[in-house]
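So the sequence lines, in the order shown, correspond to chains A and B.
Residue numbers for the first sequence, in this note's numbering: 17 to 118.
Residue numbers for the second sequence, in this note's numbering: 15 to 159.
Quick caveat, the hints were computed from the structure, so don't treat them as lab data.
There's no promise every hint is true.
Result set (SDA-like, lysine to any residue): computed pairs, CA atoms no more than 25 Å apart in a straight line [stated by the list, open to error]:
1. A:LYS104 / A:THR85
2. A:LYS43 / A:SER66
3. A:LYS43 / B:THR51
4. A:LYS112 / B:SER28
5. A:LYS112 / A:VAL101
6. A:LYS43 / B:MET52
One-letter residues, chain by chain:
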Amino acid sequence: MQADALVLMTTGTLLVFMGIASISLSKNLVKTIMSFQIVLFGANLALFASGLGTDARLTSDTFVLLSVTIGAAVEAVGLAIVLGVHRKHGTLDPSKVRKLKG
Amino acid sequence: MATVGFALFSSKVSSSLISLFYSSVILSIIFTLYGDTMVGLVQMATFAGAVSVLMLTVILMTGEDRFALGARKLGLILLPPLLAFVGISFYLLSGGTGPSAESYADISNQVLVFLWVNRPWDLLILVMAFASAMVTISNLMSRET
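Just need the whole structure built from these sequences, with the hints factored in.
What follows is the structure, given as structure tokens:
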């Protein structure tokens, strides 16, 4: 593996883990969506780095494009859900939204 | 530099959004530098464009729009060393050489040659992206808002 690819892969992996940690610790739904975006950035970066200097470059680029598109759609749906939750409950703190609790 | 500056001064959700915007711009620059212009353009149009505007709309609608540019003294203290670090790193990594684009006629090739010759900036871009992501994460983990 090239040195560039290794650096990009490490950066992407760290971004993924930091985003996951932030998602699990976040107390604001908008911040959760932002953390998801950081996870997505890290995943895209690692996916892109996996194809650098190999014959599978086109495949990795295609998967990055697919991931970007699907990630944007998921974030749009998530933001719509956040807006709905805020309208219904008046808060963005997930621990105060007790409607779904059994 | 802009990313690090915004990230240094940010302490609220809105400022996190700004540094996230610059992170997506830097990521698309990385994609473009490594020869994948299409992915870079899609990344820029999708995340730096559409998703950032969507998120800004949600933040404004939910009332999370308090901008607090605090810690200005810290920024003023940290900014000159940061500028010096970037300048010295650029000079050392590139060996003080400039772009050599004389053999290329059209302007788009010259821009690409300039980017390719200054590839040591990749390292700086990665450092800035990582620093901005770290500060964004620390903002996200803070429980002020």
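Hints and how they fare:
1. A:LYS104 / A:THR85: Outside the cut-off at roughly 29 Å; violated.
2. A:LYS43 / A:SER66: violated (34 Å)
3. A:LYS43 / B:THR51: The given pair, whose Cα atoms are some 37 Å apart, is violated under the 25 Å limit.
4. A:LYS112 / B:SER28: holds (22 Å)
5. A:LYS112 / A:VAL101: Roughly 11 Å between the alpha carbons, so the hint for LYS112 of chain A and VAL101 of chain A holds.
6. A:LYS43 / B:MET52: The hint is violated at about 36 Å.
Of the numbered hints given earlier, the model fails hints 1, 2, 3 and 6; all others are met.
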